[in-house]
Amino acid sequence: MNEPWWIDLIKAVILINLLLGMFAYMTWVERKLLGRMQLRYGPNRAGPFGLLQPIADLVKLIRKESFYPATAVDFLYITAPIVSTFTALLAFAVIPWGEGWHIAGYDISGEIADVPISLILIFALGALGVYGFIVGGWASDSKYALLGSMRTCAQLVSYEVALALSVLGVVLMAGSLSLTQIIDEQQHTIWYVIPQFVGFVVFLAAGTAETNRPPFDLPEADTELVAGYHTEYSGMRFGLFSMAEYVNMIVLSSLCVTLFLGGWLGPWPPLGPLWFLLKVLILIGFFIWLRATLPRLRYDQLMAFGWKVLLPVATLNALVTAALVVAFS
Amino acid sequence: MSAAETVTVSIDGREVEVPKGTGLVETALAAGIEIPVFCYEPRLGAPVGACRMCLVEVEGIPKLQAGCTLTATDGMVVKTAQTSKLAADGQNSTLEFILVNHPLDCPVCDKGGECPLQDLTFRWGPPVTRNTFPKRTFEKPIPISPTIALDRERCILCYRCTRFSSDVSEDDQLVAQARGSQSIIATFEDQPYRAPFSGNVIELCPVGALTSTQYRFEARPWEIQDVPTVCGLCPVGCNVEATTREGKVKRIGSRNHPEIDEGWLCDKGRFGFTHLRAGDRVVDPSRRVGVRRSETLSWDAALDEAEAMLRAGGANIVTALSGSETVEQAYALGRLLRQGLGAHCAVMPEDVNPALDAFRLPLSSIRDAKLIVILGDDPIVERAPVVDLWIKAARRAGAEVVESEIGAPDGGVAKARDELGERIRESERAILIWSGPAGNGGATIAGLAAELDLAEKPGSGAFHLPETANGRGVADGWAAAADGDEADPEPIELLIVSGDEAAANPDVRALAEQAERVLAISMFRSPVAGWADLVLPGTSYLERDGTYVNLEGRLQRLRRAVIPPCPDELAWIAKLAERFDVDLSPHSPQVFAELSERCYGGIDYSAIGEVAELPERAAAVEVPPAPKAPKRERGKGLRLVSYRPLFSGPAVERVPELQFQRPGSEIELSADDAKKIGAKAGSTVQVISNGTSVALHARVNKQLVKGVARIAAEHAQGLGTHVEVST
Amino acid sequence: MSPQPLDSVRGFGVTLKQIFKKPITQQYPEYKRPLYPRFRGRHRLWRHQNGLEKCVGCSLCAAACPADCIRVVAAENTADNRVSPGERYARIYEINLSRCIFCGYCELACPFDAITLEQEFEISEYSRDDLIYTKDMLLAEPIKRVPVADRSLYDTPIPAYKERS
Amino acid sequence: MAVTQPRRIYSGSRIPAPIPTLLQVPANLADSEDVLQVNFGPNHPSTHGVLRLVVDLSGERVVGLRAVIGYLHTGFEKNMEQKTWWKAITYPERIDYVAFQNNELVFVLAIEKLLGLKVPPKATWMRMLLCELNRIHSHLVFLGTSALELGAISMFWYCFRERDLVLDLSELATGMRMHTRYFQAGGLAEDVPRGFEAECRKFVEWMPKALDDYGAILSRNEIWLERTRGIGLLSAEDAIALGQSGPVLRASGVDWDLRRDRPYLAYPALDFDIPVYPNGDVYDRYLVRMDEMRQSVRIIEQCLDGMPEGPWIADDRKVVLPPRHELHTSMESLIHHFKIVTEGYSVPEGEVYVTVESPRGEMGCFVVSDGGPRPWRVKFRAPSFVALEATATTMTDALVADMIAIVGSLDGVMGEVDR
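Residue numbers (the numbering used here), protein chains in the order written: chain A, 875 to 1203; chain B, 259 to 985; chain C, 144 to 308; chain D, 334 to 752.
Simulated from the structure, these hints should not be mistaken for lab results.
Honestly, I wouldn't trust all of these hints.
The calculated lysine to aspartate or glutamate pairs, modelled on DMTMM-like cross-linking and capped at a C-alpha distance of 20 Å, are [unchecked claim]: (1) 197(C) / 659(D); (2) 278(C) / 299(B); (3) 1017(A) / 501(D); (4) 650(B) / 299(B); (5) 164(C) / 538(D); (6) 398(B) / 237(C); (7) 628(B) / 714(B); (8) 398(B) / 211(C); (9) 164(C) / 904(A); (10) 164(C) / 545(D); (11) 506(B) / 279(C); (12) 506(B) / 237(C); (13) 506(B) / 219(C); (14) 416(D) / 751(B); (15) 175(C) / 501(D); (16) 160(C) / 1015(A); (17) 416(D) / 484(B); (18) 1017(A) / 364(D); (19) 416(D) / 299(B); (20) 411(D) / 211(C); (21) 164(C) / 364(D); (22) 160(C) / 545(D); (23) 393(B) / 659(D); (24) 175(C) / 364(D); (25) 416(D) / 714(B).
One side of the interface only, derived from the structure: several residues of chain B facing chain C at Cβ under 10 Å [to be verified]: (26) 366; (27) 374; (28) 391; (29) 392; (30) 396; (31) 398; (32) 446; (33) 447; (34) 481; (35) 505.
Simulated restraints, written as ranges between beta carbons of each label pair [as the list claims (entries may be wrong)]: (36) 511(D) / 948(A): 42 to 52 Å; (37) 234(C) / 538(B): 21 to 31 Å; (38) 644(D) / 320(B): 47 to 57 Å; (39) 551(B) / 234(C): 12 to 22 Å; (40) 165(C) / 541(D): 42 to 52 Å.
Heads up, the beta-carbon is just placed ideally off N, CA and C, and yes, glycines get one too.
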C-alpha cells in the first residue's frame, strides 16, 4: 500500500476508459453472437465485421434528440441515468484484475482500491444504482415507465438478498470480505466454483435478475411495458441507462469470476488480466446465450422464484458451508 | 286501350298480353325476355330485318323468323334463343357470320367497351372461331365529313345510318353501295356528309364503323363519366349527356327526352362543346389600361374594381343579358343590381310574352299533328333544329305542313288567318309555329292561336321559336329578383354586358357608346375586350349548375359537367352581393329555392328530375295587341331578310370541325326576282348595298315573296335593309 | 406433464448449434437471390423489333387494374409521327407504382403483350411523385437488374403470358 | 286494454351476451386510485397490428379490459362491390395478409359456386397444396411472433426461416410471395410450374426437422410451460358460445374442422389427423398449431403424390380468359377477352355462403350476386374477429404478461378483424 495517489488516478482513468470501451464492444459482441445464434450475421456494415458499429451507435445516440416529457420531474429525470452509470462504474474500483506489479520502483496493485470490505462496498453501490432505475422510471411520469420502475424496485430488492446470501459461502470459506484475499485463498486451495457450486448457480441466477438480463428482464420487458423504466428516455440519457446496465453486467461477471472462478488466476502462462478478461467474456457469452434461448418469466413467477427457490437454497448453502467451515477449521 | 285491342302471345312459355300491333321485340321485353337486335330501331321507322340477330322460332313457321319484323298476333307461340336450340344456333351462326370479316380492332376501336356487337357476342355468341382465313380489308378510316370517320371493315351492314339519313333527317346523303359482301356505306359521290343532323349516325352505329373524329381515341367507356345535362346552344333544350374524362368534356351524346328530342341531336349541340377549350378563352379578369392595353387582375382586385364601378354606377346601371345565362344567374344578377343598387334597367335578349303559355304543348305533339302552319321568316332548322325533325316526322305521318311566305309584311299572320283559319279551326290537331324575329316574344302567334281557339283543343297549340337558349328563363329570373320600375337611366353610368351573345348584339354595342364605363362578362377574347373597362371571365352551359327554360316553357336542369377554369358567375356575383349587403348563395340549389318561390310556384330543385316534365297549360291571358310594325324603310332593290344560321355564334366559331357546316355564301331569291335578274340557281350574283358589294351564289326559293331576298346573317354583314342584285 | 429440467436445457443446444451454421440471411445489395421467372416486379413496356411500340393505348390494362393505378391517354398515329403500328398509340402512359399491387392483371389484359411485369423490385423513391412512372421510363431498360432463375427449370414450357410475340 | 307487443325481429338472447366480451372493473376496485388504466395499442410492441386494449391494472393484475378495433378498417368489402368479380379476387387475400391463400380460395369458391363452374382436378389439388403451405406460413408467423412476445427471441428467426421457404415456393408457383391472385374462378391462373414439385419436396423433407427444433426450444421448456399452461382458459362451452373456430376451438377440446366436417376441394381424398387438445389454454393452442403444421406437411406430401395431370383451368370462355395466342387470330376470343377484362363476367343471381378452414378457423364468405358483373354484397366471416371476442373471457384473472400471451394465442390478424 505504498502507491502514490497519482498512480491510482492513472489506473482509474485507464480503467474507466477500458470499461467504457468494453461496454461499447459488449453491445457489439452481444449483437454479433445473438445474430449468429439466430442465423444472422449481426452488425456487419460499419467497418470490418461491423466493428465500428458501437461508434456509429454512439454518434447516433449523441445526435439524437433527447426528448423530455412535459410532466416529468426534471431534476430526478435528468440525474437518474447519471446516478445509475456512476455507481455502476464506481463498483469496478474494488475488483482485482491482476496480481499486482512492481514497476519502476512502485508497487502497483491489481485493483484501484483495495478495500477490506470491498464485497460489501460492491453490494452497497449496486443497491444505490437501483435508485437510478427506480427514480428515472418514476420521474418520467409515464404509466409504462412507472410499471417498469415498480418492477425494478421489487425485483432488484428481492434478488439482492439472494445474491448476498449466495456469496456468503465464499466469504465464509475465504474468511474475508476483501476480494484480493478471496482470490489469494483460491490460489492456495481451489477455485470456489467447485465447493460452492450451489452458491455459484444461485449467484448467476440472481445476478441475471439483478442486471435485468433475460429471462429476468421484466423491468424493461418490451412486449409488455414498451421499454419499462426508460420508455421516456432517448438520446444519450437512454445511452447512459444502457451503459449502466452493461457495466453492471461486467461488474457482476467480474465479481462472479473473482468469487468463484479464481479471478485473474489461470493455469499458464501467468497473464493475470487476460485470464480475467477471458473468464468475464465467457460469462457474458453465457448471459447472451440465455437471452437467445429462454422465454421471459412472468412477474409473479419471478418473485416466487426469488423468494421461494433462490433464497432458501442460498440460505441453506450458507448454513451448510458455515457448518463445514466450523467443522474443518 | 280496350281489351278488344290486345293480343296474347306466348314467349318462352310466358304468356304476355300486349296491345295489338306491338312489335315482337317489345312484346318479348314486356314478358321480361330480351331478343337481341342490331339493326332494329323503332325511331328509324319500319324494321328491315337486315342483321338477322333477332332470329326466333315461331310455332307453325318452319324457318326461323327475324323477330323485329314480326308483330304480335293473338295466340302466337314464340321461342327465343333462350329456350330454342334452333334459334340459339341461328343467332350463333349470325354472329359468327358477322364476325367473319370483322377486324380484330377492339383494342383500337373507339366503340370498344360500349359496342353492341361485343355485348351480344359476349352474351349470346360463340366463344371460339372456326375461321382462319384472312379477313376482308378496306382502306380506313375514311373521313366522310370533318366530324365523322368511317371504317368499312367494321361495318356490319345493318343500314341504321342510311335509314336515318333517308328516313329521319331526310338528307339522303348516306347510301349503301354495291352488293353482297362488297356492300359499303358511302356518301353521295364522295361528298362530305354535310347535314345538320349528321352526328346522329355515330350514336346509331352498333359497331365502330362510324365514329366521331373529335372523340377519336380520346377516352374509353371505363374512364369516363356521363353527366346528364341539357344543351344550351338553342332554345329546344335537347337532353344531352356530357361525357367527361379527367375534367374535360370529350363528347356530347343524346339522352333521349321523348317529348323534346327523341334522342336526336343537331351537330351544333353534338360537336360544339370544344369551344370550352378554345384558345382565346378568358380565364382571368382583366382591366383596360389606357386605350388599347389591358392587364390581368387577381380576383380580389377584380372584385374591388367591380365594386367600385357598381358603387359609382348606382341606379344608373344598364344590364344587357345574353339569354344564355341560367335562371339562377339572371336572378342573382338581378338581386345584386336591383335590390343592392336599385338599378332596374335591363336589355333583354328578346321579348317574352306569357300569352303563349296557354297554348303550350310538348314538341313531340308536332309529330301527331294533322296540320302544321309555319310562320315567320327564318328557316326552322336554323333556329330550333330538332323542331325540323319533328315536322319531317309529321309530314311522313301524313300531316299537312303549310309554310307561309317568307318576307310577308306581317310574317304571314293575316294570310294564315284568312286562308287557313277555317281549316285550322276544324282540324283535329293543328299546330302553329312562329320561326323568326319580330314575333313579339310569342305574342303574335299566341294572338293568332287565340283567335283560332286553339287553347281549348288538346293536341293543338302554338310554338314560338326564340333566338336564345334561355331567353324565357333569364326574363323570369330577372323579373323575380325585384319589382321595381324599369326606368331608362340617364346618363348611363355603367353598362354590364353579360355574356358573349349580348356583346355581339349591335344594340348593346350602341349602348356602350353612351355608357361611362362597361363591365363585360365574356367567355372569349372577343372584340368586347376592346370596349369594356373590366372583363370578367364567363362560363359555358356545360360548366354551370342551374336551370334553363326551353321554348316549350319546360324547366330543365343543367348540371355541371366540368369545373370551369375560373369561378363561375354565381360564385363571384354572390361575393360581390355580399359587399352590397345582399344575401345571396353561391350555390344554385339555394338560389333556385329562393327564386322558385317567386316565379315557379316553389317547386323543388330535385323535382325537376332527369326527364323534366312540361307544366300544364296556363290559363289564357289577354294577348296584347301587336305593337304597330315599324314603318318599313323604303329602298332600292330587294328587301333583305337575314337570319342567324344554326352554325354560327361564338361557340361554333371556335370549333374547327364545324366550319364546313357553316352556310354557303348564298342569296335566296324568289322565282320572279331571279327571272327578272336573270340569275340561275347556283350562278354568282353581285349583291350591292350601302356601297358594299358581295358576290353570292343565287338560289331560288319559291317561298319567298317577290321583292325579298334572304341571306344568312354572316354573309349579310355591311348590307343595308335593301340590296340590289345583279348578275 | 411434469416439469423436466433436462428438457428445458435442450433449447440451449438448438441455439448453440446455429453458431456453427452459415447464417441464412443474405447480404442483400451485394448479393441478389435469383428470382423465379414468374416473379412480378416493376412493369415494362415493349417495342417491336422495328422500334415501334407494341402498346396501342387501348386502356385495357387500366380497365383491368384493381387499384386504378394506370392512366392511358391515346392519340392517333400520323404519317410523320408513327409511334406504334396501326391507328392508335399511347400518348401518355403512366403507372402510379405507389398504388400498384403487382397483381399482374395488366399484363393478362394486354392483347398485344406490350406490358409485362418484370423482375425488378427495387423501386423505392424519396417522393411519391417519383413513383409515377411515365411511358419513357417504362420503355427504357431498367437500370437495376436482378438475376432470374433458369426459366427452363422453373417455369411452364410456354409461360402463359410472358411470351414475346 | 290490449297491449301491443313490439314485433320481435330476432328471437333468442343477444344483448347482454351470456359471456362477457369485456371485463368490468370489480365494484370494490372501481373507485380505487390504485387502478391504473393503460392503453395497450394501437401502437404497442406486443399487439399484432393495431389492436387497442384499454386495460385497467391493479398492480400487475388485469381487472378491466376493453378491446377497441377499427384502426385498420379499409372498407375492403365495400370496395369489392365496386369491382368486377375478376378484379375483386385480388381483395380478399389482402384482408388477412397472413392467410392470404385461404382467403383468396374462399372468395373464388364462392364465385364458382354461384357460377356452377367445374374446376379441373389439377387445380383443386394445387389449391389444396398451396392452402396447406399457407397454413404452415400462418402458423409460423403465429409461433414466431408469440414466442418473441414472450421473450424467446430466437424463435422468431427460426420460424421466419421456414416461412421464407414457403414464400419462395409461393413465388415460384404464383409469381408473388404474398397476395398471389393465383386462384382464379375456374382454376389456376397458370399451370403448375416445372420444378415446383422438386422444390416442394425439399421443403416437405426439411419442415419436420425444423418443427423438432421449435419443439426443443419451447414445448418442454420450463419457463414456456409456466408462461402458457393454465393461462387464458376457454372452456369448450364458452368457445362454442363465443363462436370460436379453428385452433382456438380445437384447443378447447372441440373436435371440429371444416376440412373434414364440411369438406371442400378434395380433402376427403386425403389422410390427415385433426389435432385436438382439451385444456383450452395458451399452451394447447400452441400445441394445436404445432401439430397442424405437421399434418399440413403430410397433406402437402399427399398432394404432391396425387397431383393429377390435365388442364389447370376450366374451359368456360364466358368466364375464363381465352388463350393468349388466339387474341391475334380470333375475333370471338378477342371480344370475350375484352369483355371479361373490362366489364367482367356476369355471375347468376343468387347468394351463397362458402366456408373454408383457414389457419385461423372458419373463414366464411357470403356473397350476393344480382346477376351483374359486380358482387352486390360481399361479407366475410372473419375468424380473427370472432377470436378477439374471446379476449375478455380468456383474460379473467390474468396478469399483464399473460395478456400478451393470450392475445398472441388467439392469433388475430387486424386486417381481417377490421376489414
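Checked hints:
{"no.": "1", "hint": "197(C) / 659(D)", "result": "holds, 17 Å"}
{"no.": "2", "hint": "278(C) / 299(B)", "result": "violated, 43 Å"}
{"no.": "3", "hint": "1017(A) / 501(D)", "result": "violated, 43 Å"}
{"no.": "4", "hint": "650(B) / 299(B)", "result": "holds, 18 Å"}
{"no.": "5", "hint": "164(C) / 538(D)", "result": "holds, 19 Å"}
{"no.": "6", "hint": "398(B) / 237(C)", "result": "violated, 29 Å"}
{"no.": "7", "hint": "628(B) / 714(B)", "result": "holds, 17 Å"}
{"no.": "8", "hint": "398(B) / 211(C)", "result": "violated, 33 Å"}
{"no.": "9", "hint": "164(C) / 904(A)", "result": "holds, 18 Å"}
{"no.": "10", "hint": "164(C) / 545(D)", "result": "holds, 17 Å"}
{"no.": "11", "hint": "506(B) / 279(C)", "result": "violated, 25 Å"}
{"no.": "12", "hint": "506(B) / 237(C)", "result": "holds, 18 Å"}
{"no.": "13", "hint": "506(B) / 219(C)", "result": "holds, 19 Å"}
{"no.": "14", "hint": "416(D) / 751(B)", "result": "violated, 60 Å"}
{"no.": "15", "hint": "175(C) / 501(D)", "result": "holds, 14 Å"}
{"no.": "16", "hint": "160(C) / 1015(A)", "result": "violated, 44 Å"}
{"no.": "17", "hint": "416(D) / 484(B)", "result": "holds, 19 Å"}
{"no.": "18", "hint": "1017(A) / 364(D)", "result": "holds, 18 Å"}
{"no.": "19", "hint": "416(D) / 299(B)", "result": "violated, 32 Å"}
{"no.": "20", "hint": "411(D) / 211(C)", "result": "holds, 16 Å"}
{"no.": "21", "hint": "164(C) / 364(D)", "result": "violated, 57 Å"}
{"no.": "22", "hint": "160(C) / 545(D)", "result": "holds, 14 Å"}
{"no.": "23", "hint": "393(B) / 659(D)", "result": "holds, 15 Å"}
{"no.": "24", "hint": "175(C) / 364(D)", "result": "violated, 60 Å"}
{"no.": "25", "hint": "416(D) / 714(B)", "result": "violated, 55 Å"}
{"no.": "26", "hint": "366", "result": "holds, 5 Å"}
{"no.": "27", "hint": "374", "result": "violated, 18 Å"}
{"no.": "28", "hint": "391", "result": "violated, 21 Å"}
{"no.": "29", "hint": "392", "result": "violated, 16 Å"}
{"no.": "30", "hint": "396", "result": "violated, 13 Å"}
{"no.": "31", "hint": "398", "result": "holds, 8 Å"}
{"no.": "32", "hint": "446", "result": "violated, 26 Å"}
{"no.": "33", "hint": "447", "result": "violated, 26 Å"}
{"no.": "34", "hint": "481", "result": "holds, 6 Å"}
{"no.": "35", "hint": "505", "result": "violated, 13 Å"}
{"no.": "36", "hint": "511(D) / 948(A): 42 to 52 Å", "result": "holds, 48 Å"}
{"no.": "37", "hint": "234(C) / 538(B): 21 to 31 Å", "result": "holds, 25 Å"}
{"no.": "38", "hint": "644(D) / 320(B): 47 to 57 Å", "result": "violated, 41 Å"}
{"no.": "39", "hint": "551(B) / 234(C): 12 to 22 Å", "result": "violated, 38 Å"}
{"no.": "40", "hint": "165(C) / 541(D): 42 to 52 Å", "result": "violated, 21 Å"}
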